[in-house]
Amino acid sequence: GDSVTQMEGPVTLSEEAFLTINCTYTATGYPSLFWYVQYPGEGLQLLLKATKADDKGSNKGFEATYRKETTSFHLEKGSVQVSDSAVYFCALSPGDAGNMLTFGGGTRLMVKP
Amino acid sequence: GAVVSQHPSRVICKSGTSVKIECRSLDFQATTMFWYRQFPKQSLMLMATSNEGSKATYEQGVEKDKFLINHASLTLSTLTVTSAHPEDSSFYICSANRQGGNQPQHFGDGTRLSIL
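These protein sequence lines are chains Y and U, in that order. Mapped onto my numbering, the consecutive letters of the first sequence carry residue numbers 294 to 406. Mapped onto my numbering, the consecutive letters of the second sequence carry residue numbers 84 to 199.
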């Protein structure tokens, strides 16, 4: 079945540091890929998405490129802020089976001032 | 603003109590909603898919008699944890998506359930 693997956290960075959170997936067909962010005590918010190979999703300074050849969707940000501290989930949705999401394990990001 | 509302946000109750959690889509109709469970510091696990006007589809290992799902309208799905016990304590999150191709899921803010 489909699966998503992302780097374990926590990831601890200083403010303005560069961020990369790795995400790889296994799926049949052509899934859509997502990054969601969860702030403490809250539900998930969609951060960005990509629906086909080579698409780049971007939002709030975060970017991720859908790489079919490496089955990856790594999340990057050039300069993190304290307010970016949260848990980040990589997820996929099968292209031909509705909108059911399969999540990675989540990566906690902690940004220190 | 929020497009999916989940209520209540937190529940603390005694063992044996049944607890109902509501999930509403605020400005769109959702024929399908999803219920997830999240343990501390872990990822979301899909419990069931809620289908308007029909029975929910439960994931393997989820007790349908324990977690009752009712999707009676196009904007409301409810999850009832029946006769809750401490092991049912968890963070429950619902989601829904607008109809149409490649629409992302919108999540509620979650319900933290604590059974004493």
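It cannot be assumed that every hint is accurate.
In silico DSSO-like cross-links for lysine-lysine, where the CA-CA straight-line distance does not exceed 27 Å [claimed, not checked]: (1) U:Lys138 with Y:Lys353; (2) Y:Lys370 with Y:Lys353; (3) Y:Lys342 with U:Lys124; (4) Y:Lys370 with Y:Lys345; (5) U:Lys138 with U:Lys103; (6) Y:Lys353 with Y:Lys342; (7) Y:Lys370 with Y:Lys349; (8) Y:Lys405 with Y:Lys361; (9) U:Lys147 with U:Lys103; (10) Y:Lys370 with U:Lys138; (11) U:Lys138 with U:Lys124; (12) Y:Lys405 with U:Lys124.
Please keep in mind that the hints were generated in silico from the structure rather than gathered at the bench.
So, going through the hints one by one against the coordinates:
At most 27 Å may separate the alpha-carbon atoms for a hinted pair to count; lysine 138 of chain U and lysine 353 of chain Y exceed this at roughly 39 Å. A hinted pair counts as satisfied when its Cα atoms are at most 27 Å apart, and lysine 370 of chain Y with lysine 353 of chain Y qualifies at roughly 9 Å. At roughly 23 Å between alpha-carbon atoms, lysine 342 of chain Y and lysine 124 of chain U fall within 27 Å of each other, so this suggested pair holds. Pair hint lysine 370 of chain Y plus lysine 345 of chain Y holds up; C-alpha atoms about 21 Å apart against a cutoff of 27 Å.
Taken as a hint, the lysine 138 of chain U and lysine 103 of chain U pair is honoured in the structure, with Cα atoms around 17 Å apart against an allowance of 27 Å. For the suggested pair lysine 353 of chain Y and lysine 342 of chain Y, the alpha carbons sit about 13 Å apart, so the restraint of at most 27 Å is met. For the proposed pair lysine 370 of chain Y and lysine 349 of chain Y, the alpha carbon gap of about 13 Å is at most 27 Å, so the pair holds. Distance hint between lysine 405 of chain Y and lysine 361 of chain Y is unfulfilled; the C-alpha atoms sit about 34 Å from each other, more than 27 Å.
Restraint check for lysine 147 of chain U and lysine 103 of chain U: the C-alpha separation of about 14 Å stays at or below 27 Å, so the hint holds. Under the criterion of a C-alpha separation no larger than 27 Å, the hint pairing lysine 370 of chain Y with lysine 138 of chain U is inconsistent with the structure, at around 43 Å. For the hint pairing lysine 138 of chain U with lysine 124 of chain U, the CA-to-CA distance comes to about 31 Å; that exceeds 27 Å, so the pair is violated. Under the criterion of a C-alpha separation no larger than 27 Å, the hint pairing lysine 405 of chain Y with lysine 124 of chain U is consistent with the structure, at around 20 Å.
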